[in-house]
Amino acid sequence: MDVLATSFSSQINLLTPLISGIANGAAYGLLGLGLVLLYKSNRIFNFAQGEFATIAAVVAYVFDRGTGWVPKVPYFLALALGILAAVLVAIATERLVIRPLFNRPRVVLVVATVGVALFLIGLEGMLPYPQTASLRTISDALHVQAYVTQVNGVVVLDQDIAKLIALAVLAVLAFVFFRYTPTGTAILAVSQDATAARVVGISVERISMTTWAIAGFLGGVAGVLLAVPPAGSVTPGSITGLTLTVAFSAAVLGGMTSLPGAFVGGLLIGLIEAFANADHSYVPGLNSLPTAQAEVAVAVVLLAILLVRPRGLLGQEA
Amino acid sequence: MAAQTEFLTGLEAPRERAGVTTGGWALRGLFLLPVLWLVFWVPHHSDDWTNDAIFAAIYAMVGLSMNVLVGYTGQISLGQQAFLGIGALTAANVVSTGTTAADPFTFSAGIVAAALVAAAAAALLGGVALRIRGLYLALVTLVFGSVTADAIFTIPSLNGHDAGVPAYRPTALQGNYAFYLFALAMVGLCIYLDVWIRRSKVGRGLIALRDNELVASAFGVNVLSYKLLGFVLSGAMAGLAGGVFAFWAQDFSDKDFTSAAGFNKALIFVVMVVVGGLGNRTGVIAAAAFFALIDPLFAGIAHHTGWLSFYTDHKAYISNLIGAGLLLQTVIFNPGGLGQVLRPFTRWFSGKPFTMHHDGDAAGAALGGGDSVRA
Numbered sequence: 015m016d017v018l019a020t021s022f023s024s025q026i027n028l029l030t031p032l033i034s035g036i037a038n039g040a041a042y043g044l045l046g047l048g049l050v051l052l053y054k055s056n057r058i059f060n061f062a063q064g065e066f067a068t069i070a071a072v073v074a075y076v077f078d079r080g081t082g083w084v085p086k087v088p089y090f091l092a093l094a095l096g097i098l099a100a101v102l103v104a105i106a107t108e109r110l111v112i113r114p115l116f117n118r119p120r121v122v123l124v125v126a127t128v129g130v131a132l133f134l135i136g137l138e139g140m141l142p143y144p145q146t147a148s149l150r151t152i153s154d155a156l157h158v159q160a161y162v163t164q165v166n167g168v169v170v171l172d173q174d175i176a177k178l179i180a181l182a183v184l185a186v187l188a189f190v191f192f193r194y195t196p197t198g199t200a201i202l203a204v205s206q207d208a209t210a211a212r213v214v215g216i217s218v219e220r221i222s223m224t225t226w227a228i229a230g231f232l233g234g235v236a237g238v239l240l241a242v243p244p245a246g247s248v249t250p251g252s253i254t255g256l257t258l259t260v261a262f263s264a265a266v267l268g269g270m271t272s273l274p275g276a277f278v279g280g281l282l283i284g285l286i287e288a289f290a291n292a293d294h295s296y297v298p299g300l301n302s303l304p305t306a307q308a309e310v311a312v313a314v315v316l317l318a319i320l321l322v323r324p325r326g327l328l329g330q331e332a
Numbered sequence: 003m004a005a006q007t008e009f010l011t012g013l014e015a016p017r018e019r020a021g022v023t024t025g026g027w028a029l030r031g032l033f034l035l036p037v038l039w040l041v042f043w044v045p046h047h048s049d050d051w052t053n054d055a056i057f058a059a060i061y062a063m064v065g066l067s068m069n070v071l072v073g074y075t076g077q078i079s080l081g082q083q084a085f086l087g088i089g090a091l092t093a094a095n096v097v098s099t100g101t102t103a104a105d106p107f108t109f110s111a112g113i114v115a116a117a118l119v120a121a122a123a124a125a126l127l128g129g130v131a132l133r134i135r136g137l138y139l140a141l142v143t144l145v146f147g148s149v150t151a152d153a154i155f156t157i158p159s160l161n162g163h164d165a166g167v168p169a170y171r172p173t174a175l176q177g178n179y180a181f182y183l184f185a186l187a188m189v190g191l192c193i194y195l196d197v198w199i200r201r202s203k204v205g206r207g208l209i210a211l212r213d214n215e216l217v218a219s220a221f222g223v224n225v226l227s228y229k230l231l232g233f234v235l236s237g238a239m240a241g242l243a244g245g246v247f248a249f250w251a252q253d254f255s256d257k258d259f260t261s262a263a264g265f266n267k268a269l270i271f272v273v274m275v276v277v278g279g280l281g282n283r284t285g286v287i288a289a290a291a292f293f294a295l296i297d298p299l300f301a302g303i304a305h306h307t308g309w310l311s312f313y314t315d316h317k318a319y320i321s322n323l324i325g326a327g328l329l330l331q332t333v334i335f336n337p338g339g340l341g342q343v344l345r346p347f348t349r350w351f352s353g354k355p356f357t358m359h360h361d362g363d364a365a366g367a368a369l370g371g372g373d374s375v376r377a
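Sequence order for the protein chains is C and Z.
With this note's numbering as the guide, the letters of the first sequence map in order to residues 15 to 332.
With this note's numbering as the guide, the letters of the second sequence map in order to residues 3 to 377.
Any given hint might turn out to be false.
Covered, in the sense of this in silico footprint (three residues per stretch, anywhere, with C-beta under 8 Å from a C-beta of chain Z), are these stretches of chain C [to be verified]:
id: 1; stretch: 36 to 42
id: 2; stretch: 95 to 109
id: 3; stretch: 194 to 205
id: 4; stretch: 221 to 231
Calculated from the model, a selection of chain Z residues having no Cβ within reach of chain C, i.e. all distances over 12 Å [what the hints assert, rightly or not]:
id: 5; residue: F107
id: 6; residue: A115
id: 7; residue: Y138
id: 8; residue: G190
id: 9; residue: A326
None of these hints come from the bench; they were simulated from the model.
Here the structure is a predicted model, which is why all the values come from computation and not from measurement.
Glycine included, each C-beta is placed from N, C-alpha and C at the ideal position.
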């Protein structure tokens, strides 16, 4: 009996996937927030959201490190500059690409965001900086011990805690913004009926620009928090490649129109992935799939959600 | 009201017999010579060029498969590379030649199986995914693409235990140029299919669906089965391209379709069908060939201008920038794409008087305007 109990607990370590799931989930949720915001307001999927994040990470990295052309600035100022860069890129995207296409079918806008993503990856690739490097973590910049907590021998990175806090704060702020501020409600009004919004005196153009600026901000925050070791880097396209698809699944699971839903969906998808990827040697047959259990699990969840409950867990029409 | 007129624009315009004289046809024939020279003579220049030309032919087939899906049915797929990969995987595993050349029978079986298995996969995915409306389909195909690549292509017994599955060509097609001619024939088959879809009841049904699903179903078009048919035909064409791809590389390697390489392919496929002009097969073929040839083209230019080291360092990013730039200029300034630009010439070659005006053939309406695909 005793032997069985020990072997059982050593085989099913629930804590490790739980913690890594929450950490990854925070990342998906952070990107998902921006996706949800733009879906809520423009009814499009923004495939460039991951690149808003990468741009922020690249700019933050360059300012944090300092080169011949770019002055070295304090770490948190560098992060702020990175986020600012993401906001500027988002505004430029809105003015140059989205606005000329505003009255065209949504699928055109989606294809255009794919183009923006490709373009930004290309642009980053042309910049002269070490492209396999990664941003310093917050604890590294503050010169403190990198691992803050150890729960039952499982380390918790404080960068992951920072991601989680940022995600929670941003989700709540965004929720409040849409529920209680004039600009937030104006964005919702435009998303429901642009003509009617114009009739009551809302400037559709300005609202559209504000929305994209906020999306750029959310993407930028995600970028500077994600592009750190061990998994993250400032490689062109890295955030798009690593997290964008999963972030979409998270946003869909939470409900494409719900900002707190992005938070919940992100964490759930992170957990699903982590538990699917965990050591399943105690479940016969489950390990026969080679490396993609996590992806398969996420795909199955996504399909099931879309077929059974297309509005996701917390979604409703805005 | 507008929806009904839109529905009608997708139909084939009444054919008028153009009175082209023998001299007129001869002139057209003369102007066709440079095209024939480009297609048949230039790739003969060297083995490398033939190799690139085969790759361009494969991309042209993928472009046509995207054209059926995006151009005619108005669905967007970000997972087309998975069908290409499924085709390649099937063909390679059917022949799995070891070190010898395939015999003609297994070779043909491999090519046919590639198309069939990809079609089956498309039917499977379409059966589920087509119930999902609007933009979510793009998301589902995106996830399908990466999941198939990472879950199926990495199964050791299917990918030759990570070493690749050899797929040597039969002796008759051993030479690159002979195989190029075979690839061209396959492109011809895809073009034939495309023309058939466009002119048949199926094509008219699909275009009616794309333009307005409600109106089309009111006219008796079976929404789900027509969409599924478009999806399956597109998958079969991509699978056929995959079969040719396997014998072009003479090997199936999962690395061509997994993670970043696969995702990049998926994006390029969307870019090329949009840049080519949705629903316009000449434009799509030209754009596909261009995107397939970007690398050798720019490598050549860089080589002659002394930028070679810069080029090789930034290779992937340069084609990204070009693709993105072309895509954005197409959707913003020139929604008809390359096909729109080529249209006066293709019309002239088909025996109509030369004119730069539009002729109302609005097969490319998916991007041109209207509310063809709704979110």
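Tested hints:
Judged by the Cβ-Cβ criterion of 8 Å, the stretch 36 to 42 of chain C is not covered by chain Z as claimed, because only 0 of its residues qualify and three are needed. Under the rule that three or more residues need a Cβ within less than 8 Å of chain Z, the assignment of the stretch 95 to 109 of chain C is violated, with 0 such residues. For a cut-off of 8 Å, the count of residues in the stretch 194 to 205 of chain C with a CB near a CB of chain Z stands at 0, and the three-residue condition is violated. Counting residues of the stretch 221 to 231 of chain C whose CB lies closer than 8 Å to any CB of chain Z gives 0, so the stated coverage by that chain is violated, three being the minimum.
No Cβ of chain C comes within 12 Å of the Cβ of F107(Z); the nearest lies about 32 Å off, and the non-interface call holds. Distance check on A115(Z): its Cβ is at least 23 Å (rounded) from any Cβ of chain C, clearing the 12 Å threshold; non-interface status holds. Residue-level check failed: Y138(Z) sits 6 Å from the nearest beta carbon of chain C, not beyond 12 Å. The beta carbon of G190(Z) is kept farther than 12 Å from every beta carbon of chain C, the shortest such distance being approximately 29 Å.
The beta carbon of A326(Z) sits about 3 Å from the closest Cβ of chain C, which is not more than 12 Å, so the claim that it is off the interface is violated.
In the structure shown, a violation is registered for the earlier hints numbered 1, 2, 3, 4, 7, 9, in ascending order.
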